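With chain W held as given, fit chain F with the ligands onto it using these hints.
Protein chains in written order, with the numbering used here: chain W, 1 to 276; chain F, 1001 to 1258.
Simulated from the structure, these hints should not be mistaken for lab results. Source: prediction; values computed, not measured. Check the hints yourself; a few may be wrong.
Unchecked claim - Computed list of lysine to aspartate or glutamate pairs in EDC-like fashion (alpha-carbon distance at most 16 Å, straight line):
| id | chain 1 | residue 1 | chain 2 | residue 2 |
| --- | --- | --- | --- | --- |
| 1 | W | K130 | W | D185 |
| 2 | F | K1166 | W | E105 |
| 3 | F | K1159 | W | E37 |
| 4 | F | K1160 | F | E1150 |
To be verified - With the Cβ distance kept under 10 Å, some of the chain F side facing chain W (calculated, not the full set):
| id | residue |
| --- | --- |
| 5 | E1148 |
| 6 | V1152 |
| 7 | L1156 |
| 8 | G1157 |
| 9 | I1164 |
| 10 | K1166 |
| 11 | T1245 |
| 12 | A1248 |
Just so you know, even glycine gets a beta-carbon here, dropped at the ideal spot from N, CA and C.
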Amino acid sequence: MQASETLVDMRGVRLAFGRRNVTVAVENLDLAVRKDEFVAVVGPSGCGKSTLMKLMTGLVMPNAGTIAVNGQTVTGPLSFVGMAFQNPTLLPWRRTLANVMLPLEIVEPHRRRFRRERAAYAEQARALLKTVGLGGFADKYPWQLSGGMQQRASLCRALIHGPSLLMLDEPFGALDAFTREELWDVLQAIRARRAFTTVLVTHDLREAVYLADTVHVMSARPGRIIASYTVPFRRPRTLKSTFEPAFADLVQRIRDDIHTEREADAVAVGDDEGAA
Amino acid sequence: MRTEIIERAMPWIAVVLLFVVWEIACTVFAVPEFILPKPSQVARVLVTSAGPIWFHARETLITTLIGFGVSIGVGVLLGVAVGSSRLAYRSFYPMLVGFNSVPKVAIVPVLVVWFGIGFLPAVITAFLMSFFPIAVNVATGLATVEPELEDVLRSLGAKKRDFILKVGLPRAMPYFFASLKVAVTLAFVGSVISESIASEKGIGTMMVQASADFRIPLVFAGLLVTAAMGIGMYAIFAAIERRMTGWATRRMDLEGMD
Ligand SMILES: Nc1ncnc2c1ncn2[C@@H]1O[C@H](COP(=O)(O)OP(=O)(O)O)[C@@H](O)[C@H]1O
Ligand SMILES: [Mg+2]
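If we strip away everything but chain W, and leave its shape as in the complex, we get (with noise of 0.2 Å):
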């Protein structure tokens, strides 16, 4: 892999919460994206997915170990970034074109431009929303929406700045299973338009090998990349390639790598919660 084209390089990362750091939430953490890759990180709850997101992104600074981004140490926020999670967390004040378009009052050089051309903004919020199936819904409150339509207008708002790295936490994760496949197919066609690296969290496996280019799977508390998987499957990829033999092949074994993690641990730690 060229050092050119990494856009995000984690090496040895460590972090502990809590009172003199009693919970290691990662250690040894070692994960490289290249730029416009489509990453997927799975592992069991708690294992510091989460805690992954914030790293990378600059939210939270490591114990232990360097994380660079566009071959540049990160020491605070990068500005590049959107996020969502599975929280859709709109303001509930705000119609739903003005939720989305909170990112472009913040960012520069979009917020010196803002009030000026306010109009031409909202013009593109409203395409953006169009993509995802809410074009009639520009001037509602987020709860005149359902859970879905929110996070597509989460969704909105991680993307209307147009971030070179998209990091999305779990964000299908309270969807029913319908909505949640027709997000994919609204991610995946947004990325077939406009490159932009992106990191998915999620504990669907299903749902990372059918976005990701490359899926990694982290072990238990503390986490760390136990394994890595490249998915070969072309774009686009459809709902009926998931009931491929190829496709369920994959997601079965990334299934037993997180089983053999989830025993090891429950020996280790001394209780079944691995059998479950």
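Positioned in the frame of chain W, the structure of chain F with the ligands alone reads:
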């Protein structure tokens, strides 16, 4: 529709009921006027002494509103300062609570020493009584922003100021307006306390003089007028609250608003 009308009428019915029971009780038990006057006697005084009552009530209203205005300003600034920084929250919150626990009656004499008798101590007491709920509510609204939303903003490179203006303050608005209703009634308590201790004008002064002269119906008239002003102000700020923070109660009639 019918139940809605009944619901709207209920507060008035309850008040009328209170007065009726009061009137009957005073008559049946032959309670002397200087112990507990009948509502009808109080009403008569309200009419016959309307001039002086209005004069004093106006003074109290102005004093209260000025003190309340100051406490809105100070309360919001203090709330923002305390709510937007963990360090400030930790440092000043206990002090605020301690300060709020001091009986304001005890402060009035000190204020008189500093500012003389009359208008200023009353304004300051009204302010001291009412800024606390405003500050606490604004601080709460700011301090309870979801951590994930904070992450979204920080990852956009938001400055502290963006955070306060775009998320903290709008989010604190329902708390703020809810606190205004309560705070304005406390402001009345403050100004009346101060007037009754050291002033030449105001409902508080009027009531103290009236009770010294054994004009108990006038004392009760003063109480009623103060209560009425409190209710009026409460209603005004409740209406403003509904108007300003419909999003928090998910009102559909915001639909056509901008
Ligand atoms: N701010 C924090 N303070 C203390 N402990 C934390 C904090 N954030 C996360 N942790 C702990 O770190 C571990 C990893 O958390 P997280 O990264 O959220 O896991 P995941 O997203 O994989 O479920 C968990 O044990 C969690 O309790
Ligand atoms: Mg998580």
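Against the 16 Å threshold, does the CA-CA distance of K1166(F) and E105(W) hold or violate the hint? holds, 9 Å
Verify the interface restraint on G1157(F): the C-beta must sit less than 10 Å from at least one C-beta of chain W. holds, 4 Å
Would the stated hint for K1166(F) survive a check requiring a Cβ distance to chain W of less than 10 Å? With Cβ-Cβ at 7 Å, under 10 Å, it holds.
Please verify that hint: T1245(F), Cβ, nearest Cβ of chain W, below 10 Å or not. holds, 8 Å
Report holds or violated for the interface hint on E1148(F), using the least CB-CB distance to chain W and a cut-off of 10 Å. holds, 5 Å
Given V1152(F) as an interface hint, is the shortest Cβ-Cβ distance to chain W below 10 Å? Holds: closest Cβ of chain W sits about 5 Å from V1152(F), inside 10 Å.
When the nearest CB of chain W is found for A1248(F), is that gap smaller than 10 Å? holds, 7 Å
Between K1159(F) and E37(W), does the CA-CA distance stay at or below 16 Å? violated, 30 Å
Have a go at the I1164(F) hint: is there a Cβ in chain W nearer than 10 Å to its own Cβ? Hint on I1164(F): violated, closest Cβ of chain W at ~13 Å, above 10 Å.
Taking only the CA atoms, is the gap from K1160(F) to E1150(F) under or equal to 16 Å? This hinted pair holds, its Cα atoms lying about 11 Å apart.
What's the verdict on K130(W) and D185(W), does the C-alpha distance respect the 16 Å limit or exceed it? Holds, at about 14 Å.
Under 10 Å is the threshold here; is the Cβ of L1156(F) close enough to any Cβ of chain W for the hint to stand? At 5 Å from the nearest chain W Cβ, L1156(F) passes the 10 Å test, so the hint holds.
The structure is inconsistent with the numbered hints 3, 9, although it conforms to all the rest.
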